[in-house]
Every structure is written in C-alpha cells, then in structure tokens.
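Order-wise, the sequence lines are chains U and B. Position one of the first sequence corresponds to residue 4 (the working numbering), numbered consecutively onward. Position one of the second sequence corresponds to residue 4 (the working numbering), numbered consecutively onward.
Just so you know, the hints here were simulated from the structure itself, not pulled from any lab data. A virtual CB, placed ideally from N, CA and C, is assigned to each residue, including glycine. Among the clues, some could well be false.
Said to hold, decoys possible - Think about it this way: if two alpha-carbon atoms lie no more than 20 Å apart in a straight line, the pair counts; the simulated SDA-like pairs of lysine to any residue are: (1) 60(B) to 204(B); (2) 252(B) to 204(B); (3) 60(B) to 144(B); (4) 252(U) to 329(U); (5) 60(B) to 14(U); (6) 60(U) to 168(U); (7) 60(U) to 234(U); (8) 60(U) to 15(B); (9) 60(U) to 45(U); (10) 252(U) to 155(U); (11) 60(B) to 233(B); (12) 60(B) to 327(U); (13) 252(B) to 234(B); (14) 60(U) to 12(B); (15) 60(B) to 28(U); (16) 252(B) to 263(B); (17) 60(B) to 263(B); (18) 60(U) to 38(U); (19) 60(U) to 263(B); (20) 60(U) to 204(B); (21) 60(U) to 233(U); (22) 60(U) to 13(B); (23) 60(B) to 12(U); (24) 60(B) to 208(U); (25) 252(U) to 147(U).
Claimed, not checked - Reference listing, derived: stretches of chain U covered by chain B, where coverage requires no fewer than 3 residues with Cβ under 8 Å from a Cβ of chain B: (26) 218-231; (27) 275-281.
Number of protein chains: 2
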Amino acid sequence: MIEGHGDDTYRYGHIRLNFSSNIPAYTDLSGLEAHLSRHLSLIRNYPEPSPRSLEAKIAHSIGRNPSQVLVTSGATEAIYLIAQSARTLFPGEGGPTYTVVQPTFSEYESACQMFGLREGADGDICWLCNPNNPTGEVRDEAYVRRLLRHHRLLVIDQSYEDYTQSPLPDLGDLTNVVVLHSMTKRYCIPGLRLGYVTGAPEVIEVLRHCGRPWSVNALAQEAGAWLVEHSPRLLDIGAYLREAQRLRKALNSIPGIEVAPTQTNFMLATIRPRTAAELKAYLAEEHGILIRDASNFRGLSAHHFRVAAQRPEDDDVLVGAIRQYMA
Amino acid sequence: MIEGHGDDTYRYGHIRLNFSSNIPAYTDLSGLEAHLSRHLSLIRNYPEPSPRSLEAKIAHSIGRNPSQVLVTSGATEAIYLIAQSARTLFPGEGGPTYTVVQPTFSEYESACQMFGLREGADGDICWLCNPNNPTGEVRDEAYVRRLLRHHRLLVIDQSYEDYTQSPLPDLGDLTNVVVLHSMTKRYCIPGLRLGYVTGAPEVIEVLRHCGRPWSVNALAQEAGAWLVEHSPRLLDIGAYLREAQRLRKALNSIPGIEVAPTQTNFMLATIRPRTAAELKAYLAEEHGILIRDASNFRGLSAHHFRVAAQRPEDDDVLVGAIRQYMA
Numbered sequence: 004m005i006e007g008h009g010d011d012t013y014r015y016g017h018i019r020l021n022f023s024s025n026i027p028a029y030t031d032l033s034g035l036e037a038h039l040s041r042h043l044s045l046i047r048n049y050p051e052p053s054p055r056s057l058e059a060k061i062a063h064s065i066g067r068n069p070s071q072v073l074v075t076s077g078a079t080e081a082i083y084l085i086a087q088s089a090r091t092l093f094p095g096e097g098g099p100t101y102t103v104v105q106p107t108f109s110e111y112e113s114a115c116q117m118f119g120l121r122e123g124a125d126g127d128i129c130w131l132c133n134p135n136n137p138t139g140e141v142r143d144e145a146y147v148r149r150l151l152r153h154h155r156l157l158v159i160d161q162s163y164e165d166y167t168q169s170p171l172p173d174l175g176d177l178t179n180v181v182v183l184h185s186m187t188k189r190y191c192i193p194g195l196r197l198g199y200v201t202g203a204p205e206v207i208e209v210l211r212h213c214g215r216p217w218s219v220n221a222l223a224q225e226a227g228a229w230l231v232e233h234s235p236r237l238l239d240i241g242a243y244l245r246e247a248q249r250l251r252k253a254l255n256s257i258p259g260i261e262v263a264p265t266q267t268n269f270m271l272a273t274i275r276p277r278t279a280a281e282l283k284a285y286l287a288e289e290h291g292i293l294i295r296d297a298s299n300f301r302g303l304s305a306h307h308f309r310v311a312a313q314r315p316e317d318d319d320v321l322v323g324a325i326r327q328y329m330a
Numbered sequence: 004m005i006e007g008h009g010d011d012t013y014r015y016g017h018i019r020l021n022f023s024s025n026i027p028a029y030t031d032l033s034g035l036e037a038h039l040s041r042h043l044s045l046i047r048n049y050p051e052p053s054p055r056s057l058e059a060k061i062a063h064s065i066g067r068n069p070s071q072v073l074v075t076s077g078a079t080e081a082i083y084l085i086a087q088s089a090r091t092l093f094p095g096e097g098g099p100t101y102t103v104v105q106p107t108f109s110e111y112e113s114a115c116q117m118f119g120l121r122e123g124a125d126g127d128i129c130w131l132c133n134p135n136n137p138t139g140e141v142r143d144e145a146y147v148r149r150l151l152r153h154h155r156l157l158v159i160d161q162s163y164e165d166y167t168q169s170p171l172p173d174l175g176d177l178t179n180v181v182v183l184h185s186m187t188k189r190y191c192i193p194g195l196r197l198g199y200v201t202g203a204p205e206v207i208e209v210l211r212h213c214g215r216p217w218s219v220n221a222l223a224q225e226a227g228a229w230l231v232e233h234s235p236r237l238l239d240i241g242a243y244l245r246e247a248q249r250l251r252k253a254l255n256s257i258p259g260i261e262v263a264p265t266q267t268n269f270m271l272a273t274i275r276p277r278t279a280a281e282l283k284a285y286l287a288e289e290h291g292i293l294i295r296d297a298s299n300f301r302g303l304s305a306h307h308f309r310v311a312a313q314r315p316e317d318d319d320v321l322v323g324a325i326r327q328y329m330a
C-alpha cells in the first residue's frame, strides 16, 4: 500500500479544516455517537466472525438476497478480497490479468500487484471507480456496457454514489459485475471501516470464502445495523453539490489554479508554477487547512491536488488561503 | 474459515453466563469505555492506514524497536498475513509447506490452506499455540528449541501469555521466530480486534508489505494507545488461575466428565456417553450458559468441550448445571 492517502490529519496536531478526504466533515453524527456510547460494552464479546446479521439487514434494505451481499471492513477490504479471489474466479495458465481505468484510487493496482496479477489492456478484471476518485467524473451506462465487452469481470467502486446527481449505470443483476459500496462515505464514518459488495451469489461466495473471521469489529457492525435501521439524512445533497460547483468556480478564478469539471462533491485541481506538496505544506502550517496532494495518483503530476467541498464559510476560508498563497 | 468458533453469543438472545471464550467476562473495563465514549468523534476521520503511532507506543513499552512490531486487527489478521507472506519468505519450487502442532486453534490451518500452502511433517513454517488452545498446555523452552531444528520459521501464538504462571520460552531475538500477542485476550476486548506481532525486522517488513490500509479501525487504535499508557490491572492472575484449578476439580468430580490438566484459565473436557453439542444445547436453553463445543478442533471428537473459568459463583452455577444434566 502507499502511505500517502488523503485525510492524514494524524500527521498534524493543528488541523482545523479538512478538505483532504472526500466527505463532508460537518455532518451531525450525534445520533450514531449516542447509540455507540450506549453499546460500548460490545467490546467485551466477539463480533460475528462473518457479519451475517448485518448482511441480512442491508440486503433487506436494498431489496436483494443476503447471498448477494458481503459486508467488509470498508471498501478497501473488498478491493483486496477481489484481487485475492482472482485466481479462483479465473483459473488457468499464467494467472489472471487486470485493467484499471486511470487515473483513479491507487488501491486497485496495489491489491492486484500484491496478489501477483498481471496488468493488461483487456484484463480479466476491470476496475472502474464511478464517480471517479480523484477526477469527480461519472461514467454513463453506455460507457460501462462497452467496458463489459472487453473484460470477464467488471468491478465498479461506487463509494461516492451518494454524492452525485448524475445517473449511475443500472446494470440489473449481471453476473459479471460486482459493485462496491461504502458506508464510510455515505455516513461520514471513515474511522469505523464499513462497506459492502453486491454481486451475483456465485461471485460473492468466492469472496466470502477468501475472507478471514472478525475483520469487521463489533462497534462497526453495531453502527452498521443502526445506520441501516435509521438511515439518517445527514445533508441536503442538492445544496451540497451546488456548493461544490461554487467552490470550483471560486478556485478557478485564482490565477495559476485550474479545476477540472466534477459531477460530485470533490474536485481535481492543478497549481502552477509551484507544486501541490508546497501548497499543502503552506496551508497546513499557516492556516491549519488540509488538502490532498494528488501527485501520487498514477498519471497525475506534482501539480495536482484534490479538495472536497465543505460548508460555504469553510470553502471561503480555503479559497482565501489559496488566493493569498498565489498572490 | 470455519463458522463454529467460541463466543457465539450472537446466536442466542438469553445468555447470562459465557464460558465459551477464553477470557474472564467480568473484568472492569469502565476506564476504557469512558475513554472511548469521550473519543467517539474519531469515527469521523480516517485512522492511520498503518497504525505506526500505536506500534511505536507498544515497542517502547516492551523495549523493542518499532521495526520489530506490527499491529494487527486481532491475532487473526496476523495469522492470515503470515500465511499470505509464506511465498515471499520461502520462495522456490512447489511453494512453502507448513506444520501445525495439533490439536489447536483452527485458523492456522485455514489460513495456510487459503493461500495454497501444503501440509508436511517438517514444514517451512511451524505453528505453535502456547499456552495452547484448547488444551491449556504450556510448552517449555526445550520443546520449542527442538521444533526450531525442523522448521525455517516458528510462529508462536502467545495469545494466552497473560493467563499462565508457567514460564514461557525465552528465545531472545531469533530471526526465525515470530510471536503473536493478543490485546483482545490481555484486556478482554474481543469486540475491538487488536493484536500485534513481534519478530525480526526483516520478517515484520514482509508481513507489513502484505497488509492492507486501515485494517485496524480508529476506535481500536485509540483503545490500544490508552491501554498501553494505562496498562490497567484487570484481575489478580494468581487467584484467577487457582479458581481455574478449583473449577477443573469440581467438573472432574462429575461422573461422565473428564477434564485434562491445564496451565491456564481454560480447560478441555470430555463428556460421555452424550455429546458436547447436546450438552451445549441443554446449557444454553435451560440455563442461559454458553460453553464451547470443541468437536471441530482437528483431532478431537464429538465428546470434547472447552470452558474458561469465570468468578467462583459463576463457576459453581456451571458445575451445578452440568451435574444436573449428567444425573
């Protein structure tokens, strides 16, 4: 794994505004926190080795069968399980191959390399992040159906599905597609590690078989059950996405900063002539602001950085600080 | 993984006494729970992808270098990382082989099989649980040094190291030994999933490289830091182990029950002529008591069960209930 992911607040003692992870930092999680504080004694008992009860609850809430749902310790565990399962899913000489639609989240490639898969243009497995991290782009159904012609399994990471109003591909129940979902992103709880995979029972069964017991801890399982039951509305998504577009426009108005179009709550930008690393260090040290240096995404440069929209007043602070740096 | 581990309280709605997992269920965790309840907002941020801060704290507390410590999501993650790393540690024709000192915890074998390792008498990797689950036996240094002559890497799972007064082997800093430690067991927090591996930096580095980011969630990392700092004394181990011997003697006095000698807090017993599954069902349904049906440990029979000592008054309830069943 690379060590340079976003949300490295733990490296700094004084971050007051965090634009570095792709979630709104200001949502009201008091209901969930109150529930967890009443259930802390769960740390005394083993969780379910395989979180079947939560899988049944999630399956019911999305109108699927529990055999089509696998709960994981964040979408990241799902990524590694899929890479690990590749040899079982696609046995044969030489081992399975993979393709990643770049630039995107680095863990697809890290996971495939860890399990010795080979990269290729028409790989057995194709990884697509949709909406895409870090570009904010949403691919439509036609694009995805074209991909399906070239690959034996399409993995669509829909971690950001709740942060777009662009239509996501509706692929029905295709047996050669698995979809990753992130409760981390949906409910703004990256500290807990919780996600799930949906797919055909025969693929889910292979992934389940590659899992190890107790990978999802008791508090994450309890939080998941509460969230499925209460389904809290944490924000007005329309207003939030409008704020993201306002932030994009404001950043774009700064000479030397260029922000790519986005269909979600985060955006990819370039800074010139200085580097993203320099900007990041300045913002952290001088303003207590954290952004994502995006230079370690494959295909991007030292000039790329990523920010996620926050509250209007917070976004104004970011814009002001970057404007000051560029002046 | 097998689905029949101990502590399956989640299958029952009415368990009042749990003898099925190898930890005392009555310890006072209020200090840790209070600390976590004050830090629930940690769920909002990503944890460290690799828990380096906690590794440094643990290393300092045990007088090791951080390069000799790997924090994992319970000892179970460590077991799977070791099996996954075997091909890197022992490359070559045919792949690595493994040996398990049986009967013992089933996950060593499950993990090796998952990663395609082959079983053999003088395997490259040898797995030893010490004190051993489920027998309660402690192997001495001479035994372990004999094992070292036959294997290239010895994995000693010392999850129960805090629950014995028998001396454990002191192997110094051998490069062909890794030791698994369980904060789950030491601090009675199986719901959080927290453990660590100690070993030579070159082996730890390979294991670290096989890990995925964020496998230890934010609350588990925070709990670990608090526990290392405060090192709470949760029980009088001498009194607890004396109680285990008293429980053993009391169970042994029941006709049809035979309990093997133990050097720790849990013990392996047989019931005849009926089966452990029948006894377990009776105790759960009639008494709200949970025991571990040990029939799925390799080499054991349908008549084996395991219990861990609890408080004297709780142990008396267990003895009374089993006596009633056998009458």
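Results of checking the hints against the structure:
Between residue 60(B) and residue 204(B) the CA atoms are separated by roughly 17 Å; this keeps the pair inside 20 Å, and the hint holds. In summary, the hint linking residue 252(B) to residue 204(B) is not supported, as the alpha carbons are separated by about 45 Å, beyond the 20 Å threshold. Proposed proximity of residue 60(B) and residue 144(B) is contradicted: the alpha carbons are some 28 Å apart, above 20 Å. At roughly 16 Å between alpha-carbon atoms, residue 252(U) and residue 329(U) fall within 20 Å of each other, so this suggested pair holds.
Proximity of residue 60(B) to residue 14(U) is assessed by CA-CA distance (about 16 Å); at most 20 Å being required, the pair is judged to hold. Distance check on the hinted pair: residue 60(U) and residue 168(U) sit about 26 Å apart at the alpha-carbon level, beyond 20 Å; violated. Simply put, residue 60(U) and residue 234(U) have alpha-carbon atoms about 12 Å apart, close enough for the 20 Å limit, and the pair holds. Between the alpha carbons of residue 60(U) and residue 15(B) the distance comes to roughly 18 Å, so the proposed pair stays at or under 20 Å and holds.
Simply put, residue 60(U) and residue 45(U) have alpha-carbon atoms about 19 Å apart, close enough for the 20 Å limit, and the pair holds. About 40 Å separates the Cα atoms of residue 252(U) and residue 155(U), which puts this hinted pair outside 20 Å; it is violated. Our distance criterion of 20 Å between C-alpha atoms is met by residue 60(B) and residue 233(B), whose separation comes to about 12 Å. Between the alpha carbons of residue 60(B) and residue 327(U) the distance comes to roughly 39 Å, so the proposed pair goes past 20 Å and is violated.
Among the hinted pairs, residue 252(B) with residue 234(B) is inconsistent with the structure: their alpha-carbon atoms are about 32 Å apart, more than 20 Å. Of the pairs offered as hints, the one joining residue 60(U) and residue 12(B) holds, with about 19 Å between alpha carbons and a cut-off of 20 Å not exceeded. With a CA separation close to 29 Å, the supplied pair residue 60(B) and residue 28(U) exceeds the 20 Å bound. Among the hinted pairs, residue 252(B) with residue 263(B) is consistent with the structure: their alpha-carbon atoms are about 10 Å apart, no more than 20 Å.
This hinted pair does not check out: residue 60(B) and residue 263(B) have alpha carbons roughly 39 Å apart, beyond 20 Å. Taking the CA atoms of residue 60(U) and residue 38(U), the gap is about 18 Å. The hint holds against a cut of 20 Å. Restraint check: the Cα-Cα separation between residue 60(U) and residue 263(B) comes to about 42 Å, which exceeds 20 Å; the hinted pair is violated. The straight-line distance between the Cα atoms of residue 60(U) and residue 204(B) is roughly 43 Å, outside the 20 Å bound, and the hint therefore fails.
At most 20 Å may separate the alpha-carbon atoms for a hinted pair to count; residue 60(U) and residue 233(U) meet this at roughly 12 Å. With a C-alpha separation of about 15 Å, the suggested pair residue 60(U) and residue 13(B) falls inside the 20 Å cut-off, and the hint holds. Taking the CA atoms of residue 60(B) and residue 12(U), the gap is near 19 Å; set against the 20 Å cutoff, the hint holds. Straight-line distance between C-alpha atoms of residue 60(B) and residue 208(U) comes to about 39 Å, which puts the hinted pair past the 20 Å bound.
Taken as a hint, the residue 252(U) and residue 147(U) pair is broken in the structure, with Cα atoms around 29 Å apart against an allowance of 20 Å. Look at the stretch 218-231 of chain U against chain B: 6 of its residues bring a Cβ nearer than 8 Å to a Cβ of that chain, three or more, so the hint holds. With a threshold of 8 Å between beta carbons, the proposed coverage of the stretch 275-281 of chain U by chain B is violated, since 0 of its residues qualify and at least three are required.
Hint violations for this structure: numbers 2, 3, 6, 10, 12, 13, 15, 17, 19, 20, 24, 25, 27, all remaining hints satisfied.
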